[in-house]
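Peer 1: Put chain E on the given structure of chain V with help from the hints.
So the sequences go chain by chain: V and E.
Add 111 to the 1-based position in the first sequence for our numbering, that's all there is to it.
Add 1 to the 1-based position in the second sequence for our numbering, that's all there is to it.
Calculated directly from the structure, the hints in this document are not laboratory data.
Hints may contain errors.
[Unchecked claim] In silico DSS-like cross-links for lysine-lysine, where the CA-CA straight-line distance does not exceed 30 Å: (1) V/Lys240 - V/Lys229; (2) V/Lys151 - E/Lys378; (3) V/Lys247 - E/Lys369; (4) V/Lys125 - E/Lys378; (5) V/Lys229 - E/Lys345; (6) E/Lys399 - V/Lys176; (7) E/Lys108 - V/Lys247; (8) E/Lys428 - V/Lys236.
[As the list claims (entries may be wrong)] Facing chain V, according to a computed beta carbon distance under 10 Å, are these residues of chain E, among others: (9) Thr381; (10) Glu382; (11) Phe385; (12) Lys388; (13) Ala389; (14) Gly391; (15) Glu394; (16) Ser396; (17) Ala397; (18) Leu401; (19) Phe405; (20) Ala406; (21) Gln407.
Every value quoted in this text rests on a predicted model; they were computed, and no experiment measured them.
Glycine included, every Cβ here is placed at the ideal spot set by N, Cα and C.
One-letter residues, chain by chain:
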Amino acid sequence: MISIKNLHASIGDKEILRGINLEVKAGEVHAIMGPNGSGKSTLSSVLAGREDYEVTEGEVTFNGKNLLELPAEDRAREGLFLAFQYPVEIPGVSNINFLRTALNEIRAYHGQEEMTAKDFLALVKDKSKLVELDSKLASRSVNEGFSGGEKKRNEIFQMAMLNPKLAILDETDSGLDIDALRIVATGVNKLKSKDNATIVITHYQRLLDYIVPDFVHILYKGRIVKSGGKELALELEAKGYDEIKKEFEIAD
Amino acid sequence: MSLVVDNKSAVTQNLLEQLQKKSGKIAFMPDAEIISAIRYLEDKGIPNNKHEDYKYCNIEAVLRKEFKSVEQSFNELTNADIAPLKIDEAINLVVVNGVYNEGLSEKMIVKGLTVKSLNELSSSEKNILSSQAKADTDALIALNTAFSANGLFLQVDKNNVIPMPLHVIYVNSGNANIVANTRSFINVQANAQATLIESFYNIGSAKVFSNFVSEKCVGENAKLICYTFQNEGPLSYSVNTNQVKIGKYSNYNNTTMTLSGELVRNNHNVVLADSNCEAHLNGLFITNGTQQVDNHTLIDHQMPNCESNELYKGIAKDRSTGTFNGKIFVRKDAQKTNAYQSSKNILMSDDATINTKPQLEIYADDVKCSHGTSTGKIDTEALFYLKARGIGEESARKLLLQAFAQELIDKIEIPSLQERVLHLFEKAL
Chain V
112 MISIKNLHAS
122 IGDKEILRGI
132 NLEVKAGEVH
142 AIMGPNGSGK
152 STLSSVLAGR
162 EDYEVTEGEV
172 TFNGKNLLEL
182 PAEDRAREGL
192 FLAFQYPVEI
202 PGVSNINFLR
212 TALNEIRAYH
222 GQEEMTAKDF
232 LALVKDKSKL
242 VELDSKLASR
252 SVNEGFSGGE
262 KKRNEIFQMA
272 MLNPKLAILD
282 ETDSGLDIDA
292 LRIVATGVNK
302 LKSKDNATIV
312 ITHYQRLLDY
322 IVPDFVHILY
332 KGRIVKSGGK
342 ELALELEAKG
352 YDEIKKEFEI
362 AD
Chain E
2 MSLVVDNKSA
12 VTQNLLEQLQ
22 KKSGKIAFMP
32 DAEIISAIRY
42 LEDKGIPNNK
52 HEDYKYCNIE
62 AVLRKEFKSV
72 EQSFNELTNA
82 DIAPLKIDEA
92 INLVVVNGVY
102 NEGLSEKMIV
112 KGLTVKSLNE
122 LSSSEKNILS
132 SQAKADTDAL
142 IALNTAFSAN
152 GLFLQVDKNN
162 VIPMPLHVIY
172 VNSGNANIVA
182 NTRSFINVQA
192 NAQATLIESF
202 YNIGSAKVFS
212 NFVSEKCVGE
222 NAKLICYTFQ
232 NEGPLSYSVN
242 TNQVKIGKYS
252 NYNNTTMTLS
262 GELVRNNHNV
272 VLADSNCEAH
282 LNGLFITNGT
292 QQVDNHTLID
302 HQMPNCESNE
312 LYKGIAKDRS
322 TGTFNGKIFV
332 RKDAQKTNAY
342 QSSKNILMSD
352 DATINTKPQL
362 EIYADDVKCS
372 HGTSTGKIDT
382 EALFYLKARG
392 IGEESARKLL
402 LQAFAQELID
412 KIEIPSLQER
422 VLHLFEKAL
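This is chain V alone, in the form it adopts within the complex (with noise of 0.2 Å):
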């Protein structure tokens, strides 16, 4: 699905990423976890295609497609989508409105024609009861107001509408309440196939709970310095952070 191999970035005269190398399959969920400042949201936006960031070394393949050569647009047309750690709030664009061009859009990349409203309409109902998303809620500007379990709510349900490969949830669990969280998770593994892929980038060890991973990495100092299954997660959680800043310091 994705292989990313050996990949530096950095932002201004700072390197943030040294060499990232990890491959993700179809039917995989993996988990990224890190302290903060480890360059876990970097990955995510220079994957998602954020032009703040320069890419200075290495490659990402994405279902074969040298990803780093597209734009956003097109990363997201080729079925990558980006749970954003902050949804932007958008004043005056209708979450149905930026959901049916974001879909026609996509639709066009591949040659397909646009849906019809009726067609659309169904899939906003459906997709929204896999998140509890109220209705109403569809009908308002995007993000605008919204409170901070809406708005990652509305991130996977924006992940279901557009039904994408390879999801990358960006600190989905970020000041989630259990609730929330268990609802979040519930869509996340609802949308869970053989077919994509889900990589999910957290701080805690408590959303693994309820999305279990494959494979768990750690990411610390721009580079994945420890990888393993679920477990990992749990003795990281044990131990903290700090057990790992001391072991990998002297390699920096």
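Peer 2: Chain E alone, transformed into the frame defined by chain V:
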């Protein structure tokens, strides 16, 4: 015909001479006002960028560069010319090159509504002309007063509600450079109510300098909802002055949409002359190329318990310039005034310019006033968010700009006018 003009007074002198040759005596304007107008012009001249109020809008330079010679070669227009400009829901009235054209206007008898040319005013009605727009206050008003064409008088008699919108189509058309001094007087008497659309077009092949002055009176407990629709195209240079006076318990509401015109200067001056009245001024513009749009507003709170609201938004592309200069006066007697003003702008290119200048002058001590202005580029976070969902750069930009303007487009409560604005707005994006 074309004289070499190289200084300020020469521009004015040249224009006065040219216009004088072409126009006959104006019978409807009080003689004293005409004399006062000529004196003012000779004394002050046409304003250039050294004039504080015209700092970003050099009218003198426009006249010097584009209107060295004024041919006044006006075109006659037919119903076929006017048809596409009409609005279905409204009574359409037509003013061609400043002259009210009864033949092209729709005839409809509506109770309490008077429509006639300024020439047809009775001697008692004439006194009302120039009561709001004084020639000795502004050079463009003076120019209009001295050379006013036979414009439009529109009155809604007291206690009457006009059930459909009134649409005045101000259309200019010439074969060679023309100057149109268009004048109108709108009088909404006590307890009356009307909706007025004023549309501005240039459908000729030549350049037009349009100097429009409209006086508007809204009587006690009366309501006037106005839409100003400006789509004059690249050959047009216009100054539009609205001098408005509103009375006790009255309501005046204007939304100005500027969609094209090489230079558009709007002077919107509203006097809240009595207590408990309210005025709402809204504006939206989008400029491209080398276009210039300059909105000047003056809200004059003279009496207590009144409210005013201003919301102006602009989008400047390419090398264009947008200006908002909004002044609010709160005079000593205007206690309990609520006055709000907001101007928001988006710059779409590094070469575009936005000037904003909010001004508050408050002489009363128990008032609520606020103003805010912001100018920036398109929100890059929002843009990235849209792109990250598969929306292309261009559609994403359009979506955001439309969202920015939506608040103002929503204020247009006449469906076909709203559609017309939306269509032109989208085209200009």
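Peer 1: Now look at each hint and say whether the structure bears it out.
Peer 2: Right, here's what the structure says about each hint:
no.: 1; hint: V/Lys240 - V/Lys229; result: holds (17 Å)
no.: 2; hint: V/Lys151 - E/Lys378; result: holds (29 Å)
no.: 3; hint: V/Lys247 - E/Lys369; result: violated (35 Å)
no.: 4; hint: V/Lys125 - E/Lys378; result: holds (26 Å)
no.: 5; hint: V/Lys229 - E/Lys345; result: violated (37 Å)
no.: 6; hint: E/Lys399 - V/Lys176; result: holds (29 Å)
no.: 7; hint: E/Lys108 - V/Lys247; result: violated (47 Å)
no.: 8; hint: E/Lys428 - V/Lys236; result: violated (33 Å)
no.: 9; hint: Thr381; result: holds (8 Å)
no.: 10; hint: Glu382; result: holds (5 Å)
no.: 11; hint: Phe385; result: holds (6 Å)
no.: 12; hint: Lys388; result: holds (4 Å)
no.: 13; hint: Ala389; result: holds (5 Å)
no.: 14; hint: Gly391; result: holds (4 Å)
no.: 15; hint: Glu394; result: holds (7 Å)
no.: 16; hint: Ser396; result: holds (6 Å)
no.: 17; hint: Ala397; result: holds (8 Å)
no.: 18; hint: Leu401; result: holds (7 Å)
no.: 19; hint: Phe405; result: holds (6 Å)
no.: 20; hint: Ala406; result: holds (8 Å)
no.: 21; hint: Gln407; result: holds (5 Å)
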